[in-house]
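Asks: Please work from the sequences and hints to get the whole structure.
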Amino acid sequence: MGDVFKALADPTRRTILDELADRDDQTLFEICGRLAMKHQLASTRQAVSQHLDVLEAAGLIDVRREGRYKFHSLNRRPLEHIADRWLERS
Amino acid sequence: MRIYVTSVLVDDQAKALTFYTGTLGFVKKNDIPLGEASWLTVVSPDDPDGTELLLEPDGHPAAKPFKAALVADGIPLTSFAVDDVDAEYERLRALGVRFTQPPTAMGPTTTAVFDDTCGNLIQIVHVAAA
Numbered sequence: 001m002g003d004v005f006k007a008l009a010d011p012t013r014r015t016i017l018d019e020l021a022d023r024d025d026q027t028l029f030e031i032c033g034r035l036a037m038k039h040q041l042a043s044t045r046q047a048v049s050q051h052l053d054v055l056e057a058a059g060l061i062d063v064r065r066e067g068r069y070k071f072h073s074l075n076r077r078p079l080e081h082i083a084d085r086w087l088e089r090s
Numbered sequence: 091m092r093i094y095v096t097s098v099l100v101d102d103q104a105k106a107l108t109f110y111t112g113t114l115g116f117v118k119k120n121d122i123p124l125g126e127a128s129w130l131t132v133v134s135p136d137d138p139d140g141t142e143l144l145l146e147p148d149g150h151p152a153a154k155p156f157k158a159a160l161v162a163d164g165i166p167l168t169s170f171a172v173d174d175v176d177a178e179y180e181r182l183r184a185l186g187v188r189f190t191q192p193p194t195a196m197g198p199t200t201t202a203v204f205d206d207t208c209g210n211l212i213q214i215v216h217v218a219a220a
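Protein chains in written order, with my numbering: chain A, 1 to 90; chain B, 91 to 220.
Be a bit skeptical, because a hint or two may be false.
Dumping the calculated BS3-like pairs for lysine-lysine here, alpha-carbon to alpha-carbon at most 27 Å [stated by the list, open to error]:
| # | chain 1 | residue 1 | chain 2 | residue 2 |
| --- | --- | --- | --- | --- |
| 1 | A | Lys70 | B | Lys154 |
| 2 | B | Lys119 | B | Lys105 |
| 3 | B | Lys105 | A | Lys70 |
| 4 | B | Lys105 | B | Lys118 |
| 5 | B | Lys154 | B | Lys105 |
| 6 | B | Lys154 | B | Lys118 |
Partial list, computed: chain B residues near chain A (C-beta under 8 Å) [claimed, not checked]:
| # | residue |
| --- | --- |
| 7 | Ala158 |
| 8 | Val161 |
| 9 | Ala162 |
| 10 | Asp163 |
| 11 | Gly164 |
| 12 | Ile165 |
| 13 | Ser169 |
| 14 | Ala171 |
| 15 | Thr190 |
| 16 | Thr194 |
| 17 | Met196 |
| 18 | Thr200 |
Source of the hints: derived by calculation from the structure; they are not laboratory data. For glycine and all other residues, C-beta sits at the position ideal for the given N, C-alpha and C.
Replies: Now the structure itself:
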């Protein structure tokens, strides 16, 4: 769970999650394009790739290899665990 | 100085010619035997005297790992302009073309990315008039 909060602490990583919420199965190229074109975030491709590694380690994104392609999707489950922990009332 | 030719590195020239003409709709301009390969170019039927696209063999040992790394990250090295990205997406999908990115609007620019079956990703682009 600690990894989730660390992953969410970075504004660029939150923006990546915002964009992945728009559609599953995005390539690194598409994510970089969305950050640059829609959010004027001029992160290098390498920096975005590192952000994706952090998000994947926290379980917030799923990375799927299909043939020669690699796609990224939002995984909401860790966020649901946060809701369960504090927002569920018995 | 002008740009008269630009290249895509293809794994098979005959297959590439079929895809770039039969599927995409370009027309063959030059096919000049050069050793074991050809100087093989296509042009847009809308601009037959415009920039030629060279379908160049990817035989150099560095080419295949380079191409594979770009494809894994979804990166298209080559872009073509279209009038309607959504219409091209539907047309090409009906022909069995695999897209790694469906039409996506980012500001005035709409793009989509597809696999050319020869080891490359290609972007199609439309920029709306301001």
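Asks: Now tell me if each hint is right for this structure.
Replies: Comparing the hints with the structure gives:
no. : hint                  : in the structure
1   : A:Lys70 <-> B:Lys154  : holds, 17 Å
2   : B:Lys119 <-> B:Lys105 : holds, 16 Å
3   : B:Lys105 <-> A:Lys70  : holds, 25 Å
4   : B:Lys105 <-> B:Lys118 : holds, 13 Å
5   : B:Lys154 <-> B:Lys105 : holds, 17 Å
6   : B:Lys154 <-> B:Lys118 : holds, 25 Å
7   : Ala158                : holds, 6 Å
8   : Val161                : holds, 5 Å
9   : Ala162                : holds, 5 Å
10  : Asp163                : holds, 4 Å
11  : Gly164                : holds, 2 Å
12  : Ile165                : holds, 5 Å
13  : Ser169                : violated, 12 Å
14  : Ala171                : violated, 17 Å
15  : Thr190                : holds, 5 Å
16  : Thr194                : holds, 7 Å
17  : Met196                : holds, 3 Å
18  : Thr200                : violated, 11 Å
Violation of the numbered hints given earlier is confined to hints 13, 14, 18; the remaining hints are satisfied by the structure.
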